[in-house]
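Chemist: Protein chains in written order, with the working numbering: chain A, 1 to 131; chain B, 1001 to 1559.
None of these hints come from the bench; they were simulated from the model.
Do not rely on the hints blindly, as some may be mistaken.
[Unchecked claim] Simulated restraints, written as ranges between beta carbons of each label pair:
1) A:Asp30 / B:Ile1464: 16 to 24 Å
2) A:Asn128 / B:Ala1556: 28 to 36 Å
3) A:Asp86 / B:Gly1109: 53 to 61 Å
4) A:Asp30 / B:Pro1030: 27 to 35 Å
5) B:Ile1464 / A:Arg29: 44 to 52 Å
6) B:Glu1475 / A:Ala106: 45 to 53 Å
7) A:Gln82 / B:Lys1517: 40 to 48 Å
8) B:Tyr1553 / A:Asp30: 27 to 35 Å
9) B:Lys1045 / A:Arg29: 35 to 43 Å
10) B:Asp1439 / A:Glu98: 36 to 44 Å
[Unchecked claim] List of simulated lysine-lysine pairs, DSS-like, C-alpha gap at most 27 Å:
11) B:Lys1470 / A:Lys126
12) B:Lys1453 / B:Lys1420
13) B:Lys1313 / B:Lys1033
14) B:Lys1470 / A:Lys120
15) B:Lys1495 / B:Lys1184
16) B:Lys1479 / A:Lys104
17) A:Lys126 / B:Lys1453
18) B:Lys1483 / B:Lys1470
19) B:Lys1479 / B:Lys1500
20) A:Lys120 / B:Lys1479
21) B:Lys1502 / B:Lys1516
22) B:Lys1445 / A:Lys120
23) B:Lys1420 / B:Lys1317
24) B:Lys1037 / B:Lys1011
25) B:Lys1470 / B:Lys1453
26) B:Lys1415 / B:Lys1037
27) B:Lys1230 / B:Lys1313
28) A:Lys120 / B:Lys1495
29) B:Lys1415 / B:Lys1004
30) B:Lys1493 / B:Lys1184
31) B:Lys1011 / B:Lys1415
32) A:Lys104 / B:Lys1483
33) B:Lys1045 / B:Lys1024
34) B:Lys1495 / B:Lys1479
Virtual Cβ for every residue (Gly too), placed ideally from N, Cα, C.
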Amino acid sequence: MKRPIRVLIAKPGLDGHDRGAKVIARALRDAGMEVIYTGLRQTPEQIVAAAVQEDVDVVGMSLLSGAHNYLFPKVVELLKEQGVDDVLIVGGGIIPDEDIPGLKEAGVDEIFTPGTPIAKMVDYIKNNVKR
Amino acid sequence: MFDKEKLSHLKEARQRWEVGVLAKTLSKAPESKAEFKTVSGSVVKRLYTPEDIEDIDYERDLGYPGQYPFTRGYQPTMYRGRPWTMRMYAGFATAEESNERYKYLVSQGSTGLSVAFDLPTQIGYDSDHPLAQGEVGKVGVAIDSLRDMEILFDGIPLDKVSTSMTINAPAAVLLAMYIAVAEKQGVSPDKLRGTIQNDILKEYIARGTYIFPTEPSMRLITDIFDYCSKHVPNWNTISISGYHIREAGSTAAQEVGFTLADGIAYVEAAIKAGLDVDTFAPRLSFFFNSHNDLFEEVAKFRAARRLWARIMKDRFKAKNEKSMMLKFHTQTAGCTLTAQQPDNNIIRVAMQALAAVLGGTQSLHTNSRDEALALPTTDSVTIALRTQQIIANETGVTNTVDPLAGSYYIEAKTKEIEDKAMEYINKIDELGGAARAIDLGYIQKEISDSAYKYQMEIESLERIVVGVNKYQVEEEAPKGLLKVDPIVAEMQKQKINEVKAKRNNLAVEERLSLLKKACEGTENLMPYILNAVKEYATLGEICGVMREVFGEYEQAVLI
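Start from the sequences, fold in the hints, and give me the full structure.
Modeler: Below, the structure is given as structure tokens:
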């Protein structure tokens, strides 16, 4: 039997808003996924180490501080350095539409902006998980 | 509030109405839902009557404004004397740019300043620290040393304005910088008016910008209480905040219960540190959220005032009435703003602001329409400020004190929120107080349960959010959002280098080592911090010394 999808929900940077991260973590768990939540203030290095150690299929990052253009690509870059290229990487938070193309170009698979229904995220993850 | 005979007569009349008029209507046209609830999920009855407030005693429970238990207001004349302080929270990028925004806000009729700091500043890192990368100047202004603070308040006379600073873990350092800037302007500390947030417990619970563990953090807070009672007597030394607890997803009653439980913890810590309750309690202030449910919010503000007065009088035996008065700042609920159809947020903010005014707030920040997308533009901030000015000048709601008092619904809800909040406080007392309840994760779990329930109701359309899960339209990405130029980080780094090259580095080292010794001992830390700040020791250096002695807080991670 196929194992459940494993997801790391991470809070990169110094932002302390974790309502969204916690709600998503719980909702993905209710949707049958295995979810690990990092807690606040994780460096890109810590997030990548956790992703590798927990052997996750998905890394979901939540950020409301505006530092996404630096932190999200940094996580992608470090994952690649670790030879990890089959993890689905998604992000959410206060992310202006105009930043999304750049983030996708940097290797983030999808960005979910405020108001996105949780069911849509669950479907996206189920349909796009790479392994 | 009514005599027994009258009530029994009313009860009979109500029963006749129910079986007659009401039943007839319901049989023809049933109500749209089986149950009606507030935003916080508490049940709302079809009708409230004198029966719902029969246990309320006017003199005991309501009284008169400016008088115990302060249910009707903090001050006897309220907005007939002067309107609330219109205090717009602002700050971004560099001190220069933020200074410009403050001057603009004051020129437009804003009556108090409110400083937003960026995350590195809030967590005690200089802009050149590796962990500050990507965050400098983003959610507020970057302050690295006294130099930045001098620029931030350049041309703003500190004896004329009142300034609120949203700063918690390093509050002592930023307050010291403010005092030092004032001195340079020739303003003595006793002339300063303002507030520091300085509320570490809610950082552990909901906001996340903590640095040190609980015990040294509480020491810093009580050191500030003590220092300010002697030297900065008109400063509000703490703003005990429910705002972020509500933003994290709590209900209205949880907001009151958890906030006042935090307040109790601060009062206990200060008493334990040897302070007399009436020396520091008059300078405690509070900060609440104003959410969407207008009547529930009004009831919440009134309940918080009454409950705090009772706690201070009965539990802490305060003698000075000022120690019992809950005065508060309000911000409209950021979490209700939608990225979809952002202009709708103007309407939400207006209703929330109205609730705060009807609830008797002392100062108010109104959010801007574009804040679900970015920091607000000048145009958006202006609309938000105008919203307050319209409420104050055009609606007439300021003409009388506590205008909704006596409403059967409002009074019943006020009592209900007070009772529920007291249940939370009792539960937290059983667990050993707020700090312990946070370590156990109790408060965080209660909040995240409420947040999850709220979100699930949106998902299932049980809760409607206009433009998000109903009345959606296709729309283009909004244009003209405020962007902070990444060059800001480089500019800050350069400024730090300049400061470090120009200052007396020997003096800085000496002041920092004196501070370190004081941290290891039990003396009040404020004078040491002030001395270090005056020599242009950076925020990161000062917090670094304290980190060495105190260590860092470790968060309990739970979903």
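Chemist: Now, for every hint given, state plainly whether the structure supports it.
Modeler: Hint by hint, here is what the structure shows:
1. In this structure, Asp30 of chain A and Ile1464 of chain B meet the distance hint of 16 to 24 Å, their C-beta atoms being roughly 22 Å apart.
2. Range check, Asn128 of chain A to Ala1556 of chain B: Cβ separation about 33 Å, and the 28 to 36 Å hint holds.
3. Separation of Asp86 of chain A from Gly1109 of chain B is about 57 Å and conforms to the stated range, judged on CB atoms against 53 to 61 Å.
4. Checked against the hint of 27 to 35 Å, the pair Asp30 of chain A and Pro1030 of chain B passes, with Cβ atoms roughly 33 Å apart.
5. The given range of 44 to 52 Å is broken by Ile1464 of chain B and Arg29 of chain A, whose C-beta atoms sit roughly 26 Å from each other.
6. Between Glu1475 of chain B and Ala106 of chain A the beta carbon distance is about 26 Å. The supplied range of 45 to 53 Å is therefore violated.
7. Taking 40 to 48 Å as the suggested C-beta distance range, the pair Gln82 of chain A and Lys1517 of chain B conforms, at roughly 44 Å.
8. Distance hint for Tyr1553 of chain B and Asp30 of chain A: a CB-CB separation of about 30 Å, consistent with the stated range 27 to 35 Å.
9. Roughly 36 Å separates the CB atoms of Lys1045 of chain B and Arg29 of chain A, a value that falls within the hinted 35 to 43 Å.
10. Between Asp1439 of chain B and Glu98 of chain A the beta carbon distance is about 42 Å. The supplied range of 36 to 44 Å therefore holds.
11. Note on Lys1470 of chain B and Lys126 of chain A: the hinted pairing holds, with a Cα-Cα distance of about 26 Å set against a maximum of 27 Å.
12. At most 27 Å may separate the alpha-carbon atoms for a hinted pair to count; Lys1453 of chain B and Lys1420 of chain B meet this at roughly 18 Å.
13. Taking the CA atoms of Lys1313 of chain B and Lys1033 of chain B, the gap is near 43 Å; set against the 27 Å cutoff, the hint is violated.
14. Proximity of Lys1470 of chain B to Lys120 of chain A is assessed by CA-CA distance (about 16 Å); at most 27 Å being required, the pair is judged to hold.
15. Using a Cα cut-off of 27 Å, the hinted pair Lys1495 of chain B and Lys1184 of chain B holds, with the two alpha carbons roughly 20 Å apart.
16. Proposed proximity of Lys1479 of chain B and Lys104 of chain A is supported: the alpha carbons are some 20 Å apart, at most 27 Å.
17. Taken as a hint, the Lys126 of chain A and Lys1453 of chain B pair is honoured in the structure, with Cα atoms around 23 Å apart against an allowance of 27 Å.
18. Distance restraint check for Lys1483 of chain B and Lys1470 of chain B: the Cα-Cα separation of roughly 30 Å exceeds the 27 Å cut-off, and the hinted pair is therefore not satisfied.
19. With a CA separation close to 40 Å, the supplied pair Lys1479 of chain B and Lys1500 of chain B exceeds the 27 Å bound.
20. At most 27 Å may separate the alpha-carbon atoms for a hinted pair to count; Lys120 of chain A and Lys1479 of chain B meet this at roughly 26 Å.
21. As the CA atoms of Lys1502 of chain B and Lys1516 of chain B are separated by approximately 23 Å, the hinted pair is consistent with the 27 Å bound.
22. Note on Lys1445 of chain B and Lys120 of chain A: the hinted pairing holds, with a Cα-Cα distance of about 26 Å set against a maximum of 27 Å.
23. With a CA separation close to 23 Å, the supplied pair Lys1420 of chain B and Lys1317 of chain B stays within the 27 Å bound.
24. Proximity of Lys1037 of chain B to Lys1011 of chain B is assessed by CA-CA distance (about 24 Å); at most 27 Å being required, the pair is judged to hold.
25. A distance of roughly 19 Å separates the Cα atoms of Lys1470 of chain B and Lys1453 of chain B; the hinted pair therefore holds under the 27 Å criterion.
26. With a C-alpha separation of about 17 Å, the suggested pairing of Lys1415 of chain B with Lys1037 of chain B holds against the 27 Å cut-off.
27. As the CA atoms of Lys1230 of chain B and Lys1313 of chain B are separated by approximately 24 Å, the hinted pair is consistent with the 27 Å bound.
28. This hinted pair does not check out: Lys120 of chain A and Lys1495 of chain B have alpha carbons roughly 46 Å apart, beyond 27 Å.
29. Under the criterion of a C-alpha separation no larger than 27 Å, the hint pairing Lys1415 of chain B with Lys1004 of chain B is consistent with the structure, at around 20 Å.
30. For the proposed pair Lys1493 of chain B and Lys1184 of chain B, the alpha carbon gap of about 24 Å is at most 27 Å, so the pair holds.
31. For the hint linking Lys1011 of chain B to Lys1415 of chain B, the alpha-carbon distance of about 21 Å falls within 27 Å, and the restraint holds.
32. The straight-line distance between the Cα atoms of Lys104 of chain A and Lys1483 of chain B is roughly 19 Å, inside the 27 Å bound, and the hint therefore holds.
33. Restraint check for Lys1045 of chain B and Lys1024 of chain B: satisfied, since their Cα atoms lie roughly 18 Å apart, inside the 27 Å limit.
34. Under the criterion of a C-alpha separation no larger than 27 Å, the hint pairing Lys1495 of chain B with Lys1479 of chain B is inconsistent with the structure, at around 32 Å.
The structure is inconsistent with the numbered hints 5, 6, 13, 18, 19, 28 and 34, although it conforms to all the rest.
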